[in-house]
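Required output: the full structure, derived from the provided sequences and hints.
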Amino acid sequence: MLYLSPSRDEYYMVATGNSLALNRGIQEEQVVPARYRQEFLTIAWEQVHLRSIFPFQYFSIGASLIPFIEHNDANRALMSSNMQRQAVPLSQSEKCIVGTGLERQVALDSGVPAIAEHEGKIVYTDTDKIIFSGNGDTLSIPLVMYERSNKNTCMHQKPRVPRGKCIKKGQILADGAATVGGELALGKNVLVAYMPWEGYNSEDAVLLSERLVYGDIYTSFHIRKYEIQTHVTSHGPERITKEIPHLEAHLLRNLDKNGIVMLGSWVETGDILVGKLTPQMAKESSYAPEDRLLRAILGIQVSTSKETCLKLPIGGRGRVIDVRWIQKKGGSSYNPETIRIYISQKREIKVGDKVAGRHGNKGIVSKILPRQDMPYLQDGRPVDMVFNPLGVPSRMNVGQILECSLGLAGGMLDRHYRIAPFDERYEQEASRKLVFSELYEASKQTANPWVFEPEYPGKSRIFDGRTGDPFEQPVIIGKPYILKLIHQVDDKIHGRSSGHYALVTQQPLRGRAKQGGQRVGEMEVWALEGFGVAHILQEMLTYKSDHIRARQEVLGTTIIGGTIPKPEDAPESFRLLVRELRSLALELNHFLIQNKKLSFPSIELGCPGSDMSLGGSNMKLRIWGVFDTPK
Numbered sequence: 001m002l003y004l005s006p007s008r009d010e011y012y013m014v015a016t017g018n019s020l021a022l023n024r025g026i027q028e029e030q031v032v033p034a035r036y037r038q039e040f041l042t043i044a045w046e047q048v049h050l051r052s053i054f055p056f057q058y059f060s061i062g063a064s065l066i067p068f069i070e071h072n073d074a075n076r077a078l079m080s081s082n083m084q085r086q087a088v089p090l091s092q093s094e095k096c097i098v099g100t101g102l103e104r105q106v107a108l109d110s111g112v113p114a115i116a117e118h119e120g121k122i123v124y125t126d127t128d129k130i131i132f133s134g135n136g137d138t139l140s141i142p143l144v145m146y147e148r149s150n151k152n153t154c155m156h157q158k159p160r161v162p163r164g165k166c167i168k169k170g171q172i173l174a175d176g177a178a179t180v181g182g183e184l185a186l187g188k189n190v191l192v193a194y195m196p197w198e199g200y201n202s203e204d205a206v207l208l209s210e211r212l213v214y215g216d217i218y219t220s221f222h223i224r225k226y227e228i229q230t231h232v233t234s235h236g237p238e239r240i241t242k243e244i245p246h247l248e249a250h251l252l253r254n255l256d257k258n259g260i261v262m263l264g265s266w267v268e269t270g271d272i273l274v275g276k277l278t279p280q281m282a283k284e285s286s287y288a289p290e291d292r293l294l295r296a297i298l299g300i301q302v303s304t305s306k307e308t309c310l311k312l313p314i315g316g317r318g319r320v321i322d323v324r325w326i327q328k329k330g331g332s333s334y335n336p337e338t339i340r341i342y343i344s345q346k347r348e349i350k351v352g353d354k355v356a357g358r359h360g361n362k363g364i365v366s367k368i369l370p371r372q373d374m375p376y377l378q379d380g381r382p383v384d385m386v387f388n389p390l391g392v393p394s395r396m397n398v399g400q401i402l403e404c405s406l407g408l409a410g411g412m413l414d415r416h417y418r419i420a421p422f423d424e425r426y427e428q429e430a431s432r433k434l435v436f437s438e439l440y441e442a443s444k445q446t447a448n449p450w451v452f453e454p455e456y457p458g459k460s461r462i463f464d465g466r467t468g469d470p471f472e473q474p475v476i477i478g479k480p481y482i483l484k485l486i487h488q489v490d491d492k493i494h495g496r497s498s499g500h501y502a503l504v505t506q507q508p509l510r511g512r513a514k515q516g517g518q519r520v521g522e523m524e525v526w527a528l529e530g531f532g533v534a535h536i537l538q539e540m541l542t543y544k545s546d547h548i549r550a551r552q553e554v555l556g557t558t559i560i561g562g563t564i565p566k567p568e569d570a571p572e573s574f575r576l577l578v579r580e581l582r583s584l585a586l587e588l589n590h591f592l593i594q595n596k597k598l599s600f601p602s603i604e605l606g607c608p609g610s611d612m613s614l615g616g617s618n619m620k621l622r623i624w625g626v627f628d629t630p631k
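All residue numbers for the sequence shown refer to the UniProt record's numbering, where the first residue is 1 and numbers rise by one.
Honestly, the hints are just simulated from the structure, not real lab data. In this text, all values refer to a predicted model and were calculated from it rather than measured experimentally. Careful, some of the hints might be misleading.
What the hints assert, rightly or not - Across the chosen pairs, the derived CB separations fall in these ranges:
#1 L390 <-> E46: 29 to 35 angstroms
#2 V520 <-> P313: 21 to 27 angstroms
#3 E147 <-> G352: 49 to 55 angstroms
#4 M145 <-> E248: 47 to 53 angstroms
#5 S110 <-> L577: 52 to 58 angstroms
#6 H494 <-> S437: 50 to 56 angstroms
#7 K444 <-> E39: 46 to 52 angstroms
#8 T558 <-> F531: 25 to 31 angstroms
#9 L509 <-> G352: 35 to 41 angstroms
#10 S140 <-> Y3: 35 to 41 angstroms
#11 I493 <-> G215: 20 to 26 angstroms
#12 L509 <-> H118: 54 to 60 angstroms
To be verified - List time: in silico DMTMM-like cross-link candidates among lysine to aspartate or glutamate, alpha-carbon distance up to 20 angstroms:
#13 K433 <-> E453
#14 K169 <-> D109
#15 K151 <-> D423
#16 K257 <-> E243
#17 K566 <-> E580
#18 K433 <-> D423
#19 K544 <-> E529
#20 K444 <-> E455
#21 K242 <-> E337
#22 K492 <-> E348
#23 K544 <-> E568
#24 K544 <-> E524
#25 K169 <-> E117
Note that the Cβ used here is the ideal one computed from N, Cα and C, for glycine as well.
Below, the structure is given as structure tokens:
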């Protein structure tokens with residue numbers, strides 16, 4: 001056995017390890033696939049320098065975690081590798097029934113679980129530390145408790161060893177956020193059926209049972225960090241205080257005497273997390289009349305500070321779990337104080353969240369049904385998810401079907417399977433034979449003949465939960481490993497009633513962070529024109545966009561209950577176009593014509609640069625060239 005670095009590996013012709021042994025009698029005539037200098041070749045056996053023996057060495061870590069990867073299209077395997085990085089650690093993790101055997105090594109290499117460095121005996125265990133004695137000394141291992149990751153998920157370690165137990169070197173002491181028993185655990189094994197259901201799972205949509213919500217099956221915790229700094233300005237230092245003028249009392253209800261939100265408070269969108277005042281230089285003329293009167297008569301100094309508090313943005317509701325006030329020596333503008341607030345959110349799975357398997361089979365939750373309405377098996381168990389069967393043939397990721405059926409057998413037999421890639425190097429159709437044999441054994445041991453029926457192996461007749469009638473065709477059911485991804489609807493849903501406008505174009509801002517509007521582009525206008533919705537189109541292009549005067553008239557007529565008038569003058573975007581053309585030395589004037597009884601019996605057109613006149617009975621309009629002299 002020879003271990004090669006990647007730099008040395010390029011200079012050898014390495015045969016793939018798909019076949020375990022070659023017939024020595026025909027080695028001279030046999031042609032084998034090999035790789036050489038990052039290319040795949042087909043060469044004679046005698047040209048081979050080395051032969052790879054480990055099937056994982058062709059794949060990355062993400063691809064090595066996909067069971068039955070040889071049955072999937074390469075594009076879907078690539079999607080699965082990326083989506084496993086986007087998986088959210090769940091509050092109750094679970095090991096996969098069908099895996100590849102690399103889950104334990106990935107978990108150990110990640111550094112998430114706490115591991116014993118030498119043998120000893122557990123002296124004390126708690127949620128925040130584990131103390132064990134060994135080699136004549138006592139060692140205390142601190143555990144991670146509710147810390148924020150770079151993806152705003154929750155990192156937490158749970159102790160797995162009881163007090164008084166003797167441990168060996170390398171044994172797991174505490175599991176991390178996405179490990180169970182030292183193995184990677186990113187998702188859940190749920191009961192799945194592949195069938196259409198009233199169109200709610202068309203186009204990669206997924207139907208869910210409410211058991212996944214109420215049972216906290218796919219519940220995750222997310223921690224967000226909000227911070228603010230205090231600087232020394234030219235008019236004085238900024239102050240952290242609870243006394244913020246002109247703010248409603250309920251926005252300040254969670255602040256302590258220092259002006260910082262209290263630990264354990266429940267905060268909603270718009271609440272003040274840190275109260276801060278920034279000093280400003282104000283002229284006498286900028287004071288309100290009543291302020292000037294107070295200064296003149298009573299000599300009361302009116303505050304000139306501006307409120308610059310840290311407010312909770314949209315969608316940030318949750319519980320304050322940590323407050324950190326970092327004070328540095330010499331609080332100058334180059335060395336400001338920093339206050340960090342950590343807020344935890346509990347998120348159940350809901351409509352709009354993204355879920356995915358390990359074969360690139362991703363989907364969006366479209367509807368959450370009561371468990372009594374979900375399709376149910378012949379033993380009365382309702383399924384947890386309904387996937388669309390049309391997502392399998394065109395994507396060519398058949399590995400999900402094998403995993404689904406083998407997971408059903410493993411769930412009934414209480415077994416876990418670890419299958420290395422390219423298991424068909426042992427014999428042809430090895431994957432299918434393994435799945436069918438396990439299903440057959442599960443049907444015998446559990447005395448459920450519907451688990452494996454020879455007429456349609458892997459499928460079963462299931463019933464409609466609403467009527468109790470069996471469906472017309474047998475359906476594939478199973479227990480695949482399904483992940484919840486970081487793409488969640490709480491981070492993406494957005495709406496705007498009114499908000500800020502851009503200074504130049506006078507159009508609503510763009511983006512969810514700025515509470516912006518939705519862009520109506522050229523093709524969207526075409527779609528609306530195709531339906532003939534003239535009034536909706538006019539509203540989108542005038543009242544809801546950059547028509548300043550029309551916006552003001554909408555507000556006034558809404559208050560008094562009148563009819564909204566039609567906009568008559570040009571919107572601000574047209575005025576901006578005129579100004580930009582003027583910057584190019586192109587004079588463009590526009591006029592508002594009030595006379596509606598106009599007739600145009602003749603149109604006279606001249607050459608470019610000369611006079612062009614539109615002759616009419618009531619109007620005459622002349623357009624000259626830019627550098628021409630009017631005649």
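Hints, verified against the model:
1. L390 <-> E46: 29 to 35 angstroms: violated (48 angstroms)
2. V520 <-> P313: 21 to 27 angstroms: Check passed, 26 angstroms falls within 21 to 27 angstroms.
3. E147 <-> G352: 49 to 55 angstroms: Check failed, 27 angstroms falls outside 49 to 55 angstroms.
4. M145 <-> E248: 47 to 53 angstroms: Between M145 and E248, where Cβ atoms are some 35 angstroms apart, the hint is violated.
5. S110 <-> L577: 52 to 58 angstroms: holds (56 angstroms)
6. H494 <-> S437: 50 to 56 angstroms: holds (51 angstroms)
7. K444 <-> E39: 46 to 52 angstroms: About 49 angstroms separates the Cβ atoms of K444 and E39, which means 46 to 52 angstroms holds.
8. T558 <-> F531: 25 to 31 angstroms: holds (26 angstroms)
9. L509 <-> G352: 35 to 41 angstroms: violated (24 angstroms)
10. S140 <-> Y3: 35 to 41 angstroms: holds (38 angstroms)
11. I493 <-> G215: 20 to 26 angstroms: At 24 angstroms between Cβs, range holds.
12. L509 <-> H118: 54 to 60 angstroms: Distance hint for L509, H118 holds at roughly 59 angstroms.
13. K433 <-> E453: Holds, because 14 angstroms separates the two Cα atoms, which is no more than 20 angstroms.
14. K169 <-> D109: holds (16 angstroms)
15. K151 <-> D423: violated (35 angstroms)
16. K257 <-> E243: holds (9 angstroms)
17. K566 <-> E580: violated (27 angstroms)
18. K433 <-> D423: holds (11 angstroms)
19. K544 <-> E529: Within the cut-off at roughly 17 angstroms; holds.
20. K444 <-> E455: Holds, at about 16 angstroms.
21. K242 <-> E337: holds (17 angstroms)
22. K492 <-> E348: holds (16 angstroms)
23. K544 <-> E568: holds (15 angstroms)
24. K544 <-> E524: Holds, at about 15 angstroms.
25. K169 <-> E117: With Cα atoms ~5 angstroms apart, K169 and E117 stay inside 20 angstroms; holds.
Hint compliance for this structure: hints 1, 3, 4, 9, 15 and 17 are broken, all remaining hints hold.
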